[in-house]
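A.B. asks: Let's have the full structure, built from the sequences with the hints guiding it.
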Amino acid sequence: MERDKRNSFKGFKIFLLIFLAISLFFLKEDNQRKLMAFLDSFVAKEKILKLKYSYNDMGDIESVNFYDGNIVKWTNNKISFLNSDGSLILEKEFDFFEPEIYYGEKYIYVLDKATGDIYSFDSKGNTIHRYQLNKEVYNIKESHENFIYHVKLPNMETISVLDKDKVLIGNYSYDDKNILTYNTNKDGSKSLVALLNLDEGILKSHVDIYGINNERLDTLDFVGEIVLYFDFTQKEEIILLTDRNLYFISDGKIMWKKQFDLIRDIYLKKDMIYILYSNYLEVIDFSGRTQNKLGLVEEYDEILPFGENILLYGHNHLVVIKDGKEMFKLIEEIEKAFASKDEILILGPEDVKIYELSNK
Numbered sequence: 143m144e145r146d147k148r149n150s151f152k153g154f155k156i157f158l159l160i161f162l163a164i165s166l167f168f169l170k171e172d173n174q175r176k177l178m179a180f181l182d183s184f185v186a187k188e189k190i191l192k193l194k195y196s197y198n199d200m201g202d203i204e205s206v207n208f209y210d211g212n213i214v215k216w217t218n219n220k221i222s223f224l225n226s227d228g229s230l231i232l233e234k235e236f237d238f239f240e241p242e243i244y245y246g247e248k249y250i251y252v253l254d255k256a257t258g259d260i261y262s263f264d265s266k267g268n269t270i271h272r273y274q275l276n277k278e279v280y281n282i283k284e285s286h287e288n289f290i291y292h293v294k295l296p297n298m299e300t301i302s303v304l305d306k307d308k309v310l311i312g313n314y315s316y317d318d319k320n321i322l323t324y325n326t327n328k329d330g331s332k333s334l335v336a337l338l339n340l341d342e343g344i345l346k347s348h349v350d351i352y353g354i355n356n357e358r359l360d361t362l363d364f365v366g367e368i369v370l371y372f373d374f375t376q377k378e379e380i381i382l383l384t385d386r387n388l389y390f391i392s393d394g395k396i397m398w399k400k401q402f403d404l405i406r407d408i409y410l411k412k413d414m415i416y417i418l419y420s421n422y423l424e425v426i427d428f429s430g431r432t433q434n435k436l437g438l439v440e441e442y443d444e445i446l447p448f449g450e451n452i453l454l455y456g457h458n459h460l461v462v463i464k465d466g467k468e469m470f471k472l473i474e475e476i477e478k479a480f481a482s483k484d485e486i487l488i489l490g491p492e493d494v495k496i497y498e499l500s501n502k
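In the numbering used here, each number is its position in the sequence shown, counted from 1, plus 142.
Simulated from the structure, these hints should not be mistaken for lab results. Ideal Cβ positions, reconstructed from N, Cα and C, are used throughout, including at glycine. Incorrect hints may appear among the rest.
[Claimed, not checked] Estimated spans, in silico, between C-beta atoms of each pair:
| id | residue 1 | residue 2 | range |
| --- | --- | --- | --- |
| 1 | 467 | 444 | 14 to 22 Å |
| 2 | 435 | 195 | 30 to 38 Å |
| 3 | 483 | 230 | 20 to 28 Å |
| 4 | 403 | 353 | 32 to 40 Å |
| 5 | 366 | 202 | 24 to 32 Å |
| 6 | 246 | 358 | 37 to 45 Å |
| 7 | 219 | 266 | 29 to 37 Å |
| 8 | 320 | 401 | 22 to 30 Å |
| 9 | 219 | 447 | 27 to 35 Å |
| 10 | 467 | 231 | 21 to 29 Å |
| 11 | 414 | 458 | 26 to 34 Å |
| 12 | 357 | 196 | 50 to 58 Å |
| 13 | 396 | 435 | 32 to 40 Å |
C.D. replies: Okay, structure coming up:
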């Protein structure tokens, strides 16, 4: 009897979905969008998060990451690219003096900090670029379509920006300053450099905004605050986060700010800002209005995009958020978590697990 009820309910859902899909052809564009949103929410309820792979035989791991469903592992000067089932795609070993790996949003970078010899790879291990800077490099960063490298000398620090064709489009030097962080807009026509200033015994963050030809367009000071993050919106506004406040900046002017306690992470998604602080996840639009505020029982440290959803994780918990509500929750010992479109990789103390979002 119970089985008949379940089959009957399943048949009704299939009929309803087919009926709604056919209805799309007879609706105006606005109504089509509304119906599609309903269909998405209806189908989402039929999703589950299930364990796809688990392995505890990956050997020593210095660091790991997850790109397009492939695993990237770094150990003993060797980078390994693996399929999600753990099978090897390829390995590359480097004879570098001071090797380090950097994971960008799009590419993976292996560099020799002592010589500035840098390789970038895609998720399958194909070499995309080789940068031979012939100088000691302190740090690197992938910024949209651009590549930034940071040179640190005893009395001077320099930020250099290369575009996607490896052409130098920005070069900013500072004497006796401490650079905190840096970023560019999508095409590299604007750059941001944040400095920590301790002159006169006052802690202050100093942000320079640059345009083309190294022209300094504006300067902003944040007294008693440390800049943690900044990025450009699609309209060239700036989202900036310090250890105390979130700022929205347009044309070099602060349009609004909001104060937060115990800030843990920030994520910028289209026209929304996600702030993880204390025991809350707050979603704020670009006008500074709170669109959603979710109270959290467990403690979470980082925000990750997970398809169209948001993922939060801490040392012992992971949760997937959709439309301001908790969809799925896992209780795991987590050292690090990574997400692709529909898969989650969890690095634990003794194993690696991959979960997938699939139909029920």
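A.B. asks: Please go over all the hints and tell whether each is borne out by the structure.
C.D. replies: Hint check:
One distance hint, 14 to 22 Å for the beta-carbon pair residue 467 and residue 444, holds here, with the actual separation near 19 Å. For residue 435 and residue 195, the Cβ-Cβ distance of about 36 Å falls inside the hinted range of 30 to 38 Å, so the restraint holds. Checked against the hint of 20 to 28 Å, the pair residue 483 and residue 230 passes, with Cβ atoms roughly 23 Å apart. Checked against the hint of 32 to 40 Å, the C-beta distance between residue 403 and residue 353 comes to roughly 35 Å, which is consistent with it.
At roughly 43 Å, the beta carbons of residue 366 and residue 202 sit outside the given window of 24 to 32 Å. Distance hint for residue 246 and residue 358: a CB-CB separation of about 27 Å, inconsistent with the stated range 37 to 45 Å. The beta-carbon spacing between residue 219 and residue 266, approximately 20 Å, falls outside the hinted interval of 29 to 37 Å. About 25 Å separates the C-beta atoms of residue 320 and residue 401, a value consistent with the hinted range of 22 to 30 Å.
Taking the beta carbon of each, residue 219 and residue 447 are about 31 Å apart, inside 27 to 35 Å as hinted. Against the hinted window of 21 to 29 Å, the Cβ-Cβ separation of residue 467 and residue 231 comes to about 37 Å, which falls outside the hint. For the hinted restraint 26 to 34 Å between residue 414 and residue 458, the CB-CB distance of approximately 27 Å keeps it satisfied. Residue 357 and residue 196 have their C-beta atoms about 53 Å apart, which keeps the hinted 50 to 58 Å range intact.
Distance hint check for residue 396 and residue 435: the Cβ-Cβ separation is about 23 Å, which falls outside the suggested range of 32 to 40 Å.
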